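Student: With chain A held as given, fit chain B onto it using these hints.
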Amino acid sequence: MKNMNLSYAQKFKAMNREALATLVLAVIIAVFFWGAIFALKDSGEFLFSMPAWFVVSCIGGYALSVIGVIIVVRLFMADFPLDDREDPEDER
Amino acid sequence: MSVNPVVIPVAIFLAVLLAIGVWCNRSLRRSKNFQRDYFIANRSLGGVVLALTLVATYGSVSSFVSGPGVAWNVGFGWVVFAAPQIITGFFILGILGKKMAVLARRTGSLTVIDLIDARYHSKSVAVLLALVLIIFFTATVVGQFIGGAQIFAAITGYDYKIGLLIFAVVTVIYTSSGFKAVVLTDAVCAILMLTGMFTLGWSVLEAGGGLSGIMQTLSQTNLGDDGISNLFKPDAGGSLPYTLLFSAWLLVGFCTLGLPQSMVRCMSYKSSRNLSTAMIVATVVCGALMIGMTLLGVLSRGVILDKPANGTDAVIPLLIVNYMSPVMAGITIIGPLAATMSTVSSLLISAASAVARDLVRQVRGDAYLSSMAPAASRHFAIGVTLVLGAVSILLALYPQDIVVWVNMFAFGGLESAFMWPVVLGLFWSGMNARGALWGIVAGLGLYTLCMATGFKFMAFHNIIIGTAAGLVFSVIGAKLGQQPSQQIKEIFFPEKI
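Protein sequences appear in the order of chains A and B. The opening residue of the first sequence carries number 1 in this note's numbering; numbering runs sequentially from there. The opening residue of the second sequence carries number 1 in this note's numbering; numbering runs sequentially from there.
Some clues are possibly wrong.
List of simulated lysine-lysine pairs, DSS-like, C-alpha gap at most 25 Å [claimed, not checked]:
(1) B:K123 / B:K456
(2) B:K307 / B:K32
(3) B:K123 / A:K13
(4) B:K456 / B:K32
(5) B:K489 / B:K479
(6) A:K13 / B:K456
(7) B:K456 / B:K479
(8) B:K32 / A:K13
Here are some chain A residues pointing at chain B (derived, C-beta under 10 Å) [claimed, not checked]:
(9) A9
(10) Q10
(11) E18
(12) A26
(13) G35
(14) F38
(15) M50
(16) P51
(17) G61
(18) I70
(19) A78
(20) F80
(21) L82
(22) D84
Derived by calculation from the structure, the hints in this document are not laboratory data. These numbers come from a predicted model, not from an experiment. Even for Gly, the Cβ is constructed at its ideal location relative to N, Cα and C.
If we strip away everything but chain A, and leave its shape as in the complex, we get (with noise of 0.2 Å):
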């Protein structure tokens, strides 16, 4: 994370990136999923006595979605005050 010091419109920027760094990793992963069960569906063979497709697809896609999670907080999330203005809601 890093930490910054942005006006109003550079925080727009980068939480419209920090969105898209999202959307591919889901992606990312989506793909990955699909790509393992139609590669392996019809092999036969057995991972840990599971069937194979299953622990890559399933397993090794939770463990990519928490890999990716870490590394898209490392490398796109800004830390930032999430408050544009002092005491902005004490007018209401």
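Tutor: Chain B only, in chain A's frame:
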């Protein structure tokens, strides 16, 4: 009547939740801005609590009972159906989480509908979505109550109505103490859901002769024409069409972006660091719970060999009753009860906010809301929560077909209605009130119509139709409507000016 030892851990669990409720209720009396405290806990959530409340709200009694039951029946294919939930933990937080937090502060929004109102300034959009939320949330709460009471009755042997009254009344009471009580009890529930999953998993492995023993049993069960067990195939030998499995990536994956009970959590945490922590923790917990419980259902086929007379929903209760000591069973049954109660509390407080804040604002105006005396405002909000809770309990005591039916499609219905107004509203500056209205009516309308008539397109789940129609009509409506005002653009799209 002698006390079944199973209920002792459950009684302790309920007492802890009530204590949290009482404690939060006392701090509520010192509140300076009552609605902000009551509906979003004064934006005070830390990262771990945010993650746990998100997952506990999302994980329901069906994740604990019906899902594993289906997995018992069709095998590993059902884990494929549940697997998109490996992205659910981080997806909404990463896409909407920070923007909603910044914009909620900027616009003073306390509810999702507040924020939608600030974006579109449209009474019809706000009122329509508030009604959709109230109807679907109430139906879901009733469905959760029924599911929770059924499993309580199946395991303890007590009457359905007694079990329902005990845990439903406890849930409604602590929920009436506000959002802070809801999220703190959710965090406790999330941990107990994990505990219940581990004790169940351990018993299944023990009873089935270990993983390899269970797999040995499964490989001889439900053989397909090729001599391989259908339980070992992603499509379950054909009974789970790939089109259905693909659509699961929308229903319980990408489109969970549209669940308002998750969205409101994006407006209630403290800092951007909390959000990053929550993304990681929620991904770890959500994936473990959803993959874990479904896998457990698959493995239970190695223990419970014949289909239970009452259908596959009885698989998990049978495991608990037949293969666990009473104390272990008592600890394990807390899992599904926690899943039920954490979902109910979150939906109930949101439905209450839709009545006590959103509808009042739209009908009587902001001035009326802020002119209410602090005590009156408090009694009103708490009263609405209690009344909605009482109505839900009555509907669960005397189930009506229509409510049960609405509950069946509430999840996809909420996604169809809320996803595009919020996602397009936050990321497309051309989106406007007409687009939002057309998208909601077309998306939710077609989804409802398909569910009511049983229409299917190539065995896809109807969520495909609901969200596709919602997107198309949102864009057409937005193109035909007026551009958002400069003032809205300055708040929602400062980077594009």
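Student: Now look at each hint and say whether the structure bears it out.
Tutor: Each hint, compared with the structure:
1. B:K123 / B:K456: violated, 34 Å
2. B:K307 / B:K32: violated, 57 Å
3. B:K123 / A:K13: violated, 30 Å
4. B:K456 / B:K32: violated, 52 Å
5. B:K489 / B:K479: Holds, at about 16 Å.
6. A:K13 / B:K456: violated, 41 Å
7. B:K456 / B:K479: violated, 30 Å
8. B:K32 / A:K13: The hint is violated at about 34 Å.
9. A9: holds, 4 Å
10. Q10: Cβ of Q10 (chain A) sits 8 Å from chain B, so the hint holds.
11. E18: Holds, because the Cβ-Cβ distance from E18 (chain A) to chain B comes to roughly 6 Å (cut-off 10 Å).
12. A26: At about 5 Å, which falls below the 10 Å cut-off, the nearest Cβ of chain B leaves the hint on A26 (chain A) intact, so it holds.
13. G35: violated, 13 Å
14. F38: Constraint on F38 (chain A) satisfied, holds at 9 Å.
15. M50: At about 6 Å, which falls below the 10 Å cut-off, the nearest Cβ of chain B leaves the hint on M50 (chain A) intact, so it holds.
16. P51: Hint holds; P51 (chain A) Cβ to chain B Cβ min 5 Å, cut 10 Å.
17. G61: Since the shortest Cβ distance to chain B is 5 Å, the answer is holds.
18. I70: holds, 6 Å
19. A78: holds, 7 Å
20. F80: holds, 6 Å
21. L82: holds, 5 Å
22. D84: It holds, given that the least Cβ distance between D84 (chain A) and chain B is near 5 Å, below 10 Å.
Checked against the numbered hints given earlier, the structure breaks hints 1, 2, 3, 4, 6, 7, 8, 13 and satisfies all the rest.
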